[in-house]
Amino acid sequence: MSSITRGFQGRRSHSESKRLPPGQHLVGDFPVLSAGATPHTPLDSWTFALEAEDGTKIGTWNWDEFRALGPTEVTADIHCVTRWSKFDTDWRGIAVDRIFAAAGLEDPPSPFVLALCDGGYTTNLPVEDLLDGKALVVWEFDGEPLAPEHGGPARLLVPHLYFWKSAKWIRGLRFMEDNEPGFWEVNGYHSYGDPWREQRYDGD
Amino acid sequence: MATTATATRGGNSGTTVTRVPRASGWQPARVVSIREETHRVKTIRFAVTNWPGHLAGQHADVRLTAEDGYRAERSYSIASPPEISDLELTVDRLDDGEVSPFLTGQLRPDDTIQLRGPIGGHFVWTALERRRPLLLVGGGSGVVPLMCMLRHRKLSHSAVPTALLYSSRTREDVIYHSELMALAESDPAFTLRITLTRDSAPGWSGRVGRIDLPAVQALLDDLGRAVDTFVCGPDAFVEAAAALMVQAGQPADAIRTERFGATGNGSKSTGVAHEDV
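First to last, the protein sequences are chains A and H.
Position one of the first sequence corresponds to residue 1 (the numbering used here), numbered consecutively onward.
Position one of the second sequence corresponds to residue 205 (the numbering used here), numbered consecutively onward.
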């Protein structure tokens, strides 16, 4: 049967369409979405930890040590599963490759990680998606310190996946042998979340 | 349609999560009726043949398709309780929006759109497993998923003490006003507090001004210590209201939020926001 909606014209912009994954639309602002109250972690008690599956620390850095690991800047398009996309967002942070290298890891010990965050939020990712500059832990957006509601002091940035994978308020990564689901992945969202294949929900 | 809700332990957070129905694929949804709630808000009732059921607080994705194949998709909170078979979405018209002006202005009974869902498994309340007192805080059309919870609570004969703190610009903007008043009159376990931020209409005996700490504290004191709280509304409203909850002593893990950016660019339809972004 026809899926045409009677009378619907829409507001298309063909110049944007190639950069927009299916089902997304462009926004100019930066919507804030989260599952609970915004945590506020003081910088003097902030640490970032790499953990083995049993919780053993592989590496731990305080705020100053972490930012001294060698920051890089990236510009990326981001895509939220709630259907907005934002082009050319500017970030500053540490590439995950550098964090692994600083911990003395030549090869990641397991194929998956769970991002661990203040407030109890988690998300699962294949390690491969964090390597070769594809992911950073960032503390600046648009030249300014990252606001708490956007995930500050620091958040993960994995722009090639839906933005819930770019976990706010990140405090560490735990290596996992198995791809255990995180917070939204338990709650009906896709385990991987590729916006170009429209992997929004479990089973997509 | 009733859904089966079972409590399980969350994999790594240690919190109780609800087994949610898996989202359906895109399917046709026929408009049964359209009801005007306020001058900019309408409730659209759809008949959906293969709806998997939903939990109170979840949302649905809507897809509109133009004749040349162009599509626009948005998410809307579900207003109808799981107990009834049709599906209702309450839609706030954003003047610079792409989808909400069509849904509230051009859609007619017997039209068909595409719909999938239900979506979201965190901002949900089920009478079956949630026995703690309930504090619902809504700003503007953020009241929609909270109304779904209230309707579900009523139809499931839950006696859980419940309060709704609802912030609206003006009296004319209050959605579900008569239904909420009737519920407050008939249910001694339900407390309704509406506050108007823009004006106090003649004869308005309710609160005026923004939600503040004394208002939140008073409701929490009345409800008792262990309270489940759900906050839904625009970004800034939710940020402020959730911070008040924390100030009032609510543990952060008892506060569930859902936000939408009521900002320019037609960026957002009302009522969705399940992602941590």
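Don't read these hints as lab results, they were simulated from the structure.
Don't take every hint at face value.
[Claimed, not checked] 35 Å max Cα-Cα, derived DSBU-like pairs, lysine-lysine:
#1 A/LYS18 x A/LYS86
#2 A/LYS86 x H/LYS246
#3 A/LYS18 x A/LYS57
#4 A/LYS134 x A/LYS18
#5 H/LYS358 x A/LYS18
#6 A/LYS57 x A/LYS134
Is the hinted pair A/LYS18 and A/LYS57 satisfied, with a Cα-Cα distance of at most 35 Å?
-> Distance of about 43 Å is beyond 35 Å: violated.
Is the straight-line distance between the alpha-carbon of A/LYS134 and that of A/LYS18 35 Å or less?
-> Measuring from Cα to Cα gives roughly 21 Å; hence the hint holds.
Hint consistency between A/LYS18 and A/LYS86 [alpha-carbon to alpha-carbon, up to 35 Å] | Holds - the C-alpha atoms of A/LYS86 and A/LYS18 are around 13 Å apart, at most 35 Å.
Pairwise hint evaluation, A/LYS134 against A/LYS57, where the allowed Cα distance is 35 Å at most | Cα-Cα ~24 Å, so holds.
Hey, A/LYS86 versus H/LYS246, does the alpha-carbon distance stay inside 35 Å?
-> Roughly 29 Å between the alpha carbons, so the hint for A/LYS86 and H/LYS246 holds.
Between H/LYS358 and A/LYS18, does the CA-CA distance stay at or below 35 Å?
-> It is violated: about 48 Å lies between the C-alpha atoms, which goes past 35 Å.
The structure does not agree with the numbered hints 3, 5 stated previously, though it agrees with the rest.
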